[in-house]
Every structure is written in C-alpha cells, then in structure tokens.
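Chemist: Spelled out from the first residue to the last, the chains are:
Number of protein chains: 2
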Amino acid sequence: MSEQLLHRFAPGFAEGDGSMKALLGGKGSALADMCKAGLPVPPGFTIETTVCHTVIAAGGKLPDSLKKEVESGIAFLEHRTGSRLGDPSNPLLVSVRSGAAVSMPGMMDTILDLGMNDEVAVGLARRTERPAFAWDCFRRFIDLFSTVVMGLPHHAFDEPLEELKKERGVKSDRELNEADLKRLVNEYRATYRAHTGEEFPTDPRVQLERAIGAVFLSWNTERAIKYREVQHLTGLAGTAVTVQAMVFGNLGQTSGTGVLFTRNTATGDKELYGEYLVDAQGEDVVAGIRTPNPISHLEKDMPDVHRQLEETVQRLEKYAGDVQDVEFTIQEGKLFMLQTRSGKRTGAAAVKIAGALVDEGIATKEDALTKLVGPEHIDHMLHPHFADEAAYRKANLVIAKGLPASPGAAVGRIVFTANEAEEWKKRGEKVILVRTETSAEDVGGMHAAMGILTTRGGMTSHAAVVARGWGKPCVAGCGELTASEKTKTLTKSGVEFHEGDWLSLNGATGEVIRGKLELKDAEITPEMARVLSWADEVRRLGVHANADTPNDARVARSFGAAGIGLCRTEHMFFAPDRIPHVRRMILADDEQERQRALDALLPFQRDDFTGILSAMAGYPVTIRLLDPPLHEFLPNEPKQQEELAKLIGVPVEKVRARVNELHEMNPMLGHRGCRLGITQPAITQMQARAIFEAACALKKQGVDVHPEVMVPLVGTAAELSNQKRLVEAVAKEVIAETGVEVPIVIGTMIEVPRAALTAGLIAKEAEFFSFGTNDLTQMTFGYSRDDAGRFLPDYVKREILPTDPFQSIDPDGVGALVKMAVEAGRAANPRLHIGICGEHGGDPASIAFFHGAGLDYVSCSPFRVPIARLAAARAAIAEKKG
Amino acid sequence: MSEQLLHRFAPGFAEGDGSMKALLGGKGSALADMCKAGLPVPPGFTIETTVCHTVIAAGGKLPDSLKKEVESGIAFLEHRTGSRLGDPSNPLLVSVRSGAAVSMPGMMDTILDLGMNDEVAVGLARRTERPAFAWDCFRRFIDLFSTVVMGLPHHAFDEPLEELKKERGVKSDRELNEADLKRLVNEYRATYRAHTGEEFPTDPRVQLERAIGAVFLSWNTERAIKYREVQHLTGLAGTAVTVQAMVFGNLGQTSGTGVLFTRNTATGDKELYGEYLVDAQGEDVVAGIRTPNPISHLEKDMPDVHRQLEETVQRLEKYAGDVQDVEFTIQEGKLFMLQTRSGKRTGAAAVKIAGALVDEGIATKEDALTKLVGPEHIDHMLHPHFADEAAYRKANLVIAKGLPASPGAAVGRIVFTANEAEEWKKRGEKVILVRTETSAEDVGGMHAAMGILTTRGGMTSHAAVVARGWGKPCVAGCGELTASEKTKTLTKSGVEFHEGDWLSLNGATGEVIRGKLELKDAEITPEMARVLSWADEVRRLGVHANADTPNDARVARSFGAAGIGLCRTEHMFFAPDRIPHVRRMILADDEQERQRALDALLPFQRDDFTGILSAMAGYPVTIRLLDPPLHEFLPNEPKQQEELAKLIGVPVEKVRARVNELHEMNPMLGHRGCRLGITQPAITQMQARAIFEAACALKKQGVDVHPEVMVPLVGTAAELSNQKRLVEAVAKEVIAETGVEVPIVIGTMIEVPRAALTAGLIAKEAEFFSFGTNDLTQMTFGYSRDDAGRFLPDYVKREILPTDPFQSIDPDGVGALVKMAVEAGRAANPRLHIGICGEHGGDPASIAFFHGAGLDYVSCSPFRVPIARLAAARAAIAEKKG
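One line per chain: the protein sequences are C and H, in this order.
The first sequence lines up with residues -8 to 873 when you count with the working numbering.
The second sequence lines up with residues -8 to 873 when you count with the working numbering.
Worth flagging that the hints you see were computed from the coordinates, not collected in a lab.
As the structure is a prediction and not an experimental result, all values here were calculated from the model.
Errors might be hidden in some of the hints.
Any copy will do: because identical chains look the same in the list, a pair fits if it lies in one copy or spans two.
Distance condition first, Cα-Cα at most 30 Å in a straight line; then the derived DSBU-like pairs of lysine-lysine [what the hints assert, rightly or not]:
# : residue 1 : residue 2
1 : K645      : K630
2 : K385      : K511
3 : K392      : K309
4 : K12       : K645
5 : K27       : K479
6 : K511      : K637
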C-alpha cells in the first residue's frame, strides 16, 4: 500500500490520474483525469484497490488508519460542496461505488443517497422544496443499504412498493407523494429491524463505514467471481471504492440522467449513441426499468446541456484516443460527468471506428492494432450469419421485433432460466436464453447461450451491454413478447413457444424468427481487411491454416493464410467412399490383401492432395501422415460390425476379434502416429505415393506446388529417419516415373515431450518442426483432453492453473519444452523452419508466446487466421516496445 | 577398419591381445593372449569384426583386399605347420570359427576340416595310416560346408548316415570303415549336387573364401538375432572369424577333446569341472550326442596330459583373475588349447568363487564387485526355491533324476516344443520345456519357460550352458525319461505325462518331481552377504524398497533396504474388508455419506501404517497418497455390480451410472493422483489422519517412526501446496490431540514431465522428490505401458530404441528430465532429498544413470534390493575410475 490510501478529486484538482488504473480502478482514475481536465465532476475520493483484501479479510471492517483518512476525505467533500454530512440544514449526500482496474459492469455493488436519516430528510425536503424527492431518496437509501450492506432480499423492499402503487392506483414511483414515501420509509425500517434485530443506523458516519466495507466485500460475491471466471480476469488486486458527492437527476423536468457512447458501438457510425431519462436517478437507465429516450432527443429537451455534453465527450474521446462510454447526470439544468471509460463495441464497429479514428488523426495504426481492435472483435465478426435473410422474411417467419442490442445470428432451443441454459449446454444443446430482463445473476447462463432475448430493457440494459461485450447476439426489450419463467412459455397474442422450441435471433435487426435457420460462415469486410493489412505490415510470424479439404484451403486463403500448416490425412479416410477400403486394409490377413486395400485408397488420396495443392498453388502445404490409431476406423457397435462384415465379405467374428485386438487402454498413448507407419510401412508408402503423384502431375500442368510431408508423433530421431527413408524412396520413384522434379521436404511434429527434449538429434533429420501443442500439452501435464473435464474447471477455479492449458499455452511447462526444442533444433540445423499447428495457434496469448519463442509461423483453423494475424502484430509491437 | 584386417597368432607370437576383444572377438583375443603366454595353441589368424558388415552387405563375398590378406594368412599357417593347403602329401586342414566380442555360445556357425578333397583324403589316409579317419573328416566337412555355407537341410546328411549304420548293424560312427565312409562321401556329394546344381568345390581356397563369408553371414541368422534380443546385446560390430589349423581329437585312444571350467560353476567349489570324450572331434562334446566322461577320469586315462592341462588352466585363471571356461583337444597325446573365456556360472557359484578368488589373492574386492559377481548372479540367487524339499521326497513325488545342470526351482506345465513354450507363456501360463535335447533354434522357447528338462546331453550340453547363463533351472540328460514331441508325452516305464501336466524341477539336484510344488522366496546367503557388504563399503546411493505391507517391509529390511521409498496406499484399499467402504465412498451422494465411508476406512489405514512403521522402526517410510483413478475400485461386470448394489444397499442402476460416469478414455492421463486429493480433499485428510495417528501412537510407545507423506502426480507447485496444506493441518491436529510431536515431512513424486520442467518451483514446497520413472517414461515418450506391446518389441528389434525404456531408463529423454529436475530442485532447495521409486530403481543400468545424476537413493522391489546395492557400488567404482 502507498502511504496515502485515499485519493481526492474535484474539478481542476486530483490526487491521481489515468495511469493509476491498477490502484484507483477504472472509474477512480477516469474521474481523476476528468477533474484534471476541469470537467464538471462532483467532488469525491477513491480508496485504493490495495485495501480491498485487507477489508475482505476483516469481514468488511475498515482498518483504523483508513477510517481516519475517510474522515479527512469527508471534510474535503464538505469543504468543496459547502454542505455537511448529517447536517439537516444543508446535508451532504454521497454515493459509494465500486471500480476495479478492469470494468466489471453491474457485477459489484453501489450505494446511493448515503447520509439520510429523518432529520436530514426533513431538511432536504425543506431545502429543495421537494419533500417527495427527499423521502424517495431516503427510501432508496434504506433499500440499497439493506440489500447491499445487510444482504436483505430485494423483494422485501420491492413488494411493499408495488403494493403501495397498486393501492394508490399509480404506475410509476414518481406518482407517489410525500405521505406515501414516508410510510414506505417506515415500513422499510421495520423490515430492516425485523431482519437484522437492530435499528436502521442514523449516524451517516456509521452508514459510510459500513457501506465502504460492503462495497469492498462485493468483490467476492458469487456473481463477481463467476464473471471474472467467464472473462478470464486474473491477477487483479480487488476493487477500489469511490465516495462521491451526490448529484440528483431526479429533481424534476430540468434534471435527468443518461449514458452515452461517443460513437455508435453497434455499427461504428460517427454519432452520439445513448439514452437518457428525465427526472431519474442514474441506476434507472441501466436497470432497464423505464424505457429511456435516445440521446438525440436531448438536443430538443435541453439544447444547452446537449451542446455542453457533446463538446465534453468529444474532448474525452480525443484525450483517450478511443470511443468513450460516459455516464452523466443533469441536476436542475447543470451537467455533471460521473464516469468515462472505453466503450465496449461490436467487432464491426471496432474495425470501422479504428479506421475512422486513424483517419481523423485521433489514433495511430499501432493504437488501432493494440487498443482499438482486439482479437475478440475479429472473432465476433467471424461468427456465422444467416444464410439467407431475405428468405425468412419472405416466408413470414419473423414473429417479433425487439431492439438490435448485439449483432450476429443465433439459432437455438429456448430456455427460460440461466441455470437451464448452462445445463442444456452441458448436454451439448444449443440454446437461446429467454428472460424478461437479465441481471448479474444470469451471466453464467448468458454465456452458455447462443443468443439472448429479453422482453424488457433498452440498448444499454444489462443484457445488451453484456452480450455486446461478448459478441453474443442479443435482441433486447422485445415488448411484443411475454416470457414466463414459471410456465416456461414465450407468448405473443395466443401463439405459444415452449421450452426446447427452436428460435433464431438476428441481433443486427432485432428480429426474432421462428425455427432453426441455416447459418453461413462469415467473410472479411473491407474495414477488417484494412486493419489486418496494418497488422501484416508489422508482424514477423507467418500465419498458416489447418485445412483438410480444398474448400477449407480456399477459405484459409481468403482469410490470408500463407500456407497450410496442417493437412490431416485421416479425415479423408473417413469419407463413405474410402472407409470400406480403410477397413479392408485393417482387417487384411496378409501383406497382399493389405496392399490391395491400400492400392484402392491411393487414387482417392491422390485426388485429395491434387485438390488441396491446387487450391494452395504458390503456397506450402504441410501434409501429416496418418495419425490416429487404427481402431478409430472400425465400428464398435455390433450392428455396424455386422454390416461391415457383410460389406467386405468376412465373418463378423473376424471384425469383432480385430476390434478387440486393437482395443487400447490409453489410445492417446498407443499405437498411432509414426508408430503405425513404422510397423506398417505400406501405409506410409501409399500416402507418400499419393502426395508425390499429385504434386508431379500438377507441376507438369504448370501448377506451382509445395508439398511438405510431416511425420506425426515422433519421439526419437530414429523414428523420423525410418519414415523419412520410406518417403524419400517413394518420392524418388515417382519423380523418376513422371520425369518431374518436386522438392522432397520432410519434417516432423514435435508433440511428444521426448521429441522436444531430443530436438537437437531430431533436427538433423528434419527440414521443419511443427509443434503439436495439443498432444504436447496432454503429455507434458499428463492430462487426457477427453477426461480432464472432471478436474480442469476446478483447477482453474481454485487458481491451481491460471487458465485451461488446452486453450492458452502453459508457458512454464509446455512452453519451456517449446523453447528448448527451438534452441536445440536451430543449433543443430540453422535452416530449420519452425511452426506450431496445435489449437494454440489461434489463441492470442499463445501467439504472443510463440513470437517470443522465435517460431517462424503459427497455423490455426481458417476462421482464426485473421485473429492470428492481429495477435502476431500485437506481439511484434509489444516486443518493439520492450 | 585398421590397415590390417587379419591378425595372426601361434605359440609365442600374436598380432593382438586380450584388450582387443571388440576387434578380434572373445575367441580371437583369448587365442592371442594364450599364444603370447606360450601355451600350446594351433596357429591361426583372426579377421576383424569390422569386416563383418561389409561382407554381409556383399551377400557373403569377401572384398579383394581381404582375399589377399587371407592368402598371406594361409602362407603363415603353412609355414608354422609345415603342411600345405590342398597338398595331398602333407595337407593343412583348417577350422573356420565365429567369435563376437560377447560370447554367443552355439549361435553362429563353425566349419571344421576345411581343405579336404579326394586327393587330400587319400593323402591324409596315407600319412595318418587311418583311412577311416581321413574319409570321416571329408564326410564331416561336406556335411558342415553344405549346411552352413549352402543352407542345405541337416537331415539330408543325417539320414544317409543313420541308414548306413543300420545297414551295417553298428551304433556309432566310429564303427564305420573306410569303404562305408567313402560311400557316404559320394552320397553326400550327390546330395550337394542335387540341391545346388553344382559340383562340390574341390579347390581348398574356394572352400575357404566361401566358408569365411558364410561364418560372417551367420551373424544375422534368425537364431543369432533372437539370442541378442533376448540377451539385450546391442552395439556390437559383428562377429570376427578365426581360421585355425586343425588338430584332431579323433585320432584314436590317445586323442580326445573336452571342455572344462577351472572351478565348479554350479556350486563354486574349487575343482576342475568339465567333460571330455576320447577319440572325438570338438563339437561332439558340446552337442551332447555321446555322453562324455567327467574331467577327473582324464587323470587316470592320460596322467601327463591331465597334469599339463591342470597347470595350464590354473595359469589362465590367475592371468584372467576369473574362472575360465576352456576348450582343449588332445592329438595323439599332445595337448592343444583351443579357447578360453570367463566361465558362465550360477549365482551361488559366483558369490562363492568371488569370495575364494579374493581370499586367494587372485582378484580384488573391486574385481569381485565389477567382474566376478554381476547383478544377474544376485538375481538368480533371489529366485524362489522349494518350500519343503524333504516333503516331496518323503511323499515319493520324484519321478526321475537327471543332471543338475542349472540350479533353482521351477514349477510349470509341460510343453514339448519351443514354439508352444512361447505361445503358452503369452497366454500367461507357466511352462516347463521338455526336449530330447535343445539346439540354438530353441532359445526363444527356453527363455519363455520356467525351467528346462532334457533327456539327453551333459552338463555342458546346449540346454545346460544356456540355462545356467540365464539362471534358469535346468535338469539335463535325464535318460530315465523319454520325451516325444510327436505324441506330446513324457514317459517313464509306462507312466505318461501329457502336455499341460504340472511338473517341478530341482535344478540343483536334478530331480524331476510330479505336480505343482509350493515355492518359497529366497534369502541372502552368507557368501552373498559378504560380497554385498563390500558393495556397501563403496556405494554412495542409498537403497530403499517399495513395500506396501509389514511383511514386504520385513523382507526389504532383511535384504538391506534402508527405508521404504514407496508405500502405495491404494493396495490397502483393495483388501476384502475395506473395498466395500471404498466403494461406498465413491458412490456417496453427498459429503456426509462420503465422510462416513472415509471414517470407516480410517481405522484400517491406521492399522496398515502402524504395521509398516513398526516394521521399519528407525527408518524412513515414504507413504504415497491415493493414486489410481476411482473407477479402478468399482466392478465392471454386471454380476459384480449387482452384488455390490445389494451389499451396500443402493439400486444397481446407480452403481452402473457411477461406473459410466467415471469411465475415462485415457485413464493414465485422467482423474487420479493429487487430482483426486484436490477435488476430494476428504480422502487426503483421511489418509493424513491415519498416518499421523499411527505415527503418534507408536512414538508414544517408544517406537522410532519416520513417516514421510508423498503427493502423487504433481504437475504444478500449486497442486503440491494445496495437498501440503491439507496434510499439515491434519498432522498438526493429530499432534495437538495426542500431545506427541512427529516431524511433518511432505514431498512429491516427480512423474509428470511438467513437474520435472518446473522442479525449481515445486522444490520450494517439497522436502523431497521421488522420481516416478514409470509414469515419467509413459508421458515423456507418449507410450501407454498397457498398449506399447504392439510396437515396442518391433522398435527394439529395428533398433529404433536400444532397449525397452520401461526396463532401463532412457538417458536422453526421460533421463534429461531427471537431470533437469535434480539441478533445478537442488538450486531452489539445497536440502532437497532426491530418490527414485519407479521400477528402474532395480535396474543396474538405470541405477548407474541415477548415480551419475546425483540422486540420494533408489527404491525398488524388496527382491531387487541386493541387486541395487551391487549396481550402486559398480556405479561408484566406475565413477572413481572416470
């Protein structure tokens, strides 16, 4: 902890700035920056994140040293506002807010209107001449304090309010009068007493200490922990707490509160994008309880405020070099800025905004690559969309239209609770989560769903903000529909949809569509291509793709892959016209029979390679020899075994016997990879012949082919040289037969720990290495990917592992092997070309690691190629910056 | 190749010596040594092993440079003997023999009497005045040349001989006269012509070149390759070939031939031990065709020769510092030495001889440890013996008595061919191989058998020599019994034993015993203890044992283990009184139920630990927490599942569901080891409580206890610290409850590659490391031990791997991880104690590696402890010698 735990701010003055995000949290540091810029910010102070764990450890009690600082912080606020905490004649009310270094919207607690008691309420009523406002503030404060600090249930406060409204025949809180609200205050206090066994605290200083403690504690609520888990947020110190003088948006028609983005974060268009409510307190907008007005209306309602707001947020955008997400309150015609931060946006918006900010001179290309466009944005854009939008409209399948809260297409079966969404997903179902509105408790289920549909709430409602952050399709505030969690139905004028029914959502238009629409893969937009071209200018790592078919190869090329880093030949074996030959080969009684089956497979494989090599003309194609154990090609079910036996004319007992014979205890560590090619060299020979016959024939036709043969699962140099000799011999035969020279390039996967450990020996036999980090991770950790689901989630939760090592490379263990192998491999063979073709090849954090380890390229699935290009650029920039 | 490919020798002169074994082979270098010592050796020359592969690659053709050298070698022999190759008036005949650096008795080919043709036969008949001898030599030569060089079948020569003997009414070859033998020579030549389409070569130089080529080729016969495989002989250059002037033991009653050992290699007694035949050629003794006389008879038959022989072999023994295995021939009263080498001996003989040679000043203690007693000898002695020898004699179960050819007790079901022995063994059967006599073709089956019984042949017959080399029990030459391969019966005066019947063999007495006798584990003899005490004086590595029961612990102590390096707690879980609780624990629906099951297990585990800690009072006991995946404890068979459901009162569906739920694709890489203890901490807590309750209670009683808790399958430091905290907390509770202080020592297995790679981090949490090299080998190579049988034998055969890495540590891969972990572990925690408890802990080559890697101790199965003590001493001596 620094000596001073508390950092004060007020317009023109701040003890801190934007560089102190880790200490002050995002909110605290942004408030300091705004104050330094002289913007109208209510005065306040921020307590450092470093205190968070101390307070949590003490169960919410503040250390004495902090209490003293808080006292002086309050003195500062009293001095700046001219009001005093607990002074009925001119009371200071404050808000107590959370704010970690990384934004966790809605996950932690906030308390407003702190400082209220009976005397203060009376004083405030007199001073503002709005008794209803004063007692409403008190009511709200008791509600928040009770639920946040004391953990009382929300319904204990919502129900009396609803009953009262019913009794009084009104719809809105704002129609309740002083007497009503006084009555509510008394009822709330009775509820508080009944639940806690104590009187509601009247001393504002006691209120404040307990509120600060409670906000710190909210760092560790279940929903906050879950959110950090889902978002992979680790290494944070905790939340900061900001205590700030209240300003009131609920002081009548010249007051209001709103949130806005400096650009449209759904489309990227240059326009203020947001909403506000007149005569409302801040939380009312985000909560989605009243449907707010679009920000453009403000120009008509309060032109001066609108102008001032516009100027202010443009200054903020320029200063930050990025789109800002701003909260403001208008108190009796006066604008106050309450928060500013980078705005979450869709992928399409991100690339468009990045281009615009660079063009406008607000940001550099490097900013665009490192700050404005993230891998997650590229990812969102590469999500699927509907195959034919016109068709579903023409067919009248649209059942309702809500707000286009988060673009993208989602297709799934509807469920009505977050828990069900998670459970269905576990069962392998694709679901759409349907809720009246969502709250922080729902984040797990929202994450599990393909898309989210709410019947209430606006573009900045919880559902909308969270969905956009994740790039998950969302239709919000679809008031035409009624969702019932109880009956598990979604209704529209008599038409009912039930749990499990298929719906499709178009998050870009807000359409809710009946049935299971067909999805189509995404393409690269010009805006994305522009940003990626900047990435290509700075990156050092090559980006190849893993592709097994000519079609995949074409997709990979269109996404910018400079080669195929992994072409798996076994996928070709499974096609219905090949599998009988494969099975005949496996069931063969002698060499002749096996050879006949392989001869039958040869033309198929040759065609496969012809297709891929053509599609990748001019680029290298790395073809991996057969990898999986042979039993994967035989059927396990008795019925299928009988069919197979009939098909290829052998007794079913023979099929069964061979299946049993090939059964393995641990197939992952079994007879597969080059172990097959060594014990059954005819398989390797057939594959080599198919590759070189295809390559030579194409070259004869003038196609520029670059086949590379990759030997899988090598653990010793002798294995590689065994397979290399076989392949070379066949290649030379084919070259002699055809009279066409094709270079013979042979390398190996490094996916067995021993291969990495003996890379110096293996490199002498290899022209290239390609790290198979999936298997390397399995063997280095001793985790079976198929089985680790039993404990890996638990491991990540308990922070035994920072993240799932199959998603992001483990730098200390698996990464250490990669580094060793690169070093020893290059020392033994300076011309060794080194890449990685495991799934980590598409993971940004892993790509940064591979850049650092000095690899030449990464290879990933075609749809990850653009992400990899960006991530490679980020790695290069980070390295340059040191 | 050196410049000279051929090294000549004759008494008093030799181009080479005993240090050149790799070049000259064992036989060639020993002949050179004997010549230098002036012993009576027929002159000859040896062609280097380096030529072997060149000749093999050329299909048996000699390079021109070699042909020239052979020519000059022949000139040397002619000069020394005064005879000439192919000269009828005084013909030189030669033998052509194989001889690799390591003895492979009977595995490669030999050709005798080379240089014969019609003219030479006539001349030799005249010169020796023994025409029958001359034509017999010619006959033998055609037989050997045809079968060895041309690959003709043996029976093509045996059958005409047998027919002729029948026709002439004689029993022995020696009773055939000149005419008979001439006729045979002609018949043999006709056979040769019929099979090869060419005349039998008459030019001795052509004969010689082809013979030399054929002997080189015999390096790669199937039986030779198989022998090297079985004996783990790798890295040899090939065989050398020795061409030597013939001397004849078959020149009547003053001639003869024999083999002897300078001491009794079955018992170790100090006496000449061997056999000879009068009027015979060398191969007749070893082949077991005629039953030879014990060497002691020679004293009476030819006292002078006997005295000369005795003096000579004692010189040889003293010179070599070891028991010698000698071949000699007596030609008309004159002694010739043909070969000397270290004699293969039984384990009991080895330790006794070592003691005697040290006492006699012929060898040093270091010689005893490095040369005279090998790990294989200790191993043999620790093989089981009969529980009660007196009993089976008293019960009249002995059915016959043969020669005590190789000591030890064997119990098995009889089979009559080597192939069957191998097949039955594969099925998990224990077999006794019964043969009339064995030949080199049988080695595979001999190795597969528990013991060998032959009805013909002496103490130096093929069966006897090979069995002794392996320490496998053998009863040879049991003439009372008749074995028929055809009818698969073993008969003695009407009593028949059939394939599959149980027999027991006492290789130390020659007894063949009816039925399946009970075996008892071995103990350390005083002679062995003496040699091991010398080992303990020089070794640096500690030797612990892997033991799970008090009984194992006691055995380990009696064999000299200085602690338990691995006590597996899961074995305790399988006992019939515990397994229901274990299963109840696994099937528990909630924490309470699980805890109740664990509470029920606690007293059992406590008793287990009390037993082991008592048995090992004063020594450390390293207890490993539960390791295997839980599904191993549940039954897979529907019937057993039903029984279990009934037993513990749950529906069978629940048992089935849980079995399915726990099923893993790759259990080796699944939810096991500390992954269990982390997700189910109550298991770790129960085990920790059992350990410390046992330890504290014993200490209270004054027992000196040293429990150490070992966490299995750790891959990250966080896993270890998680489990450590659990164990420490429980230990402290128990210490507080009992008021008895027991040190809390917690360490980890290093068996996951990642643990070795991050050993520096893990060492900070650990007091000790114990390498689990079984799992470490599985994961480093990516070999499942259960499945690797499909390709590992092939890998060893193709020399892709030098040896099975589960038997002997892989120094480059697994070993590299061990070294890394030792270095990083010690750097992070200088007091770290480091051992190994995989099965490599009992393998001598691996022990040498672990010594070099700087480990503190090895832990192995109790019966390997004496071997490990010797191997550790050898490693220390080797290191001292640099």
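Chemist: Cα distance capped at 30 Å. Does K12 pair with K645 within a copy, between copies, both, or neither?
Modeler: Result: close neither inside a copy nor across copies, 68 Å intra and 52 Å inter.
Chemist: Within, between, both or neither: how does the pair K385, K511 come out at a Cα-Cα threshold of 30 Å?
Modeler: Classified as within; 18 Å inside a copy, 88 Å across copies.
Chemist: I want to check one pair: K645 and K630. Are their C-alpha atoms no more than 30 Å apart within a copy, between two copies, both, or neither?
Modeler: Both: 14 Å inside a chain and 27 Å across chains, each within 30 Å.
Chemist: Checking an output row: K27 and K479, CA cutoff 30 Å. Within, between, both or neither?
Modeler: Neither: 52 Å inside a copy, 103 Å across copies.
Chemist: Quick one: K511 to K637, C-alpha cut-off 30 Å, is that within a copy, between copies, both, or neither?
Modeler: neither (39 Å within a copy, 54 Å between copies)
Chemist: Checking an output row: K392 and K309, CA cutoff 30 Å. Within, between, both or neither?
Modeler: neither (36 Å within a copy, 105 Å between copies)
The structure fails hints 3, 4, 5 and 6 (numbered hints given earlier, in ascending order).
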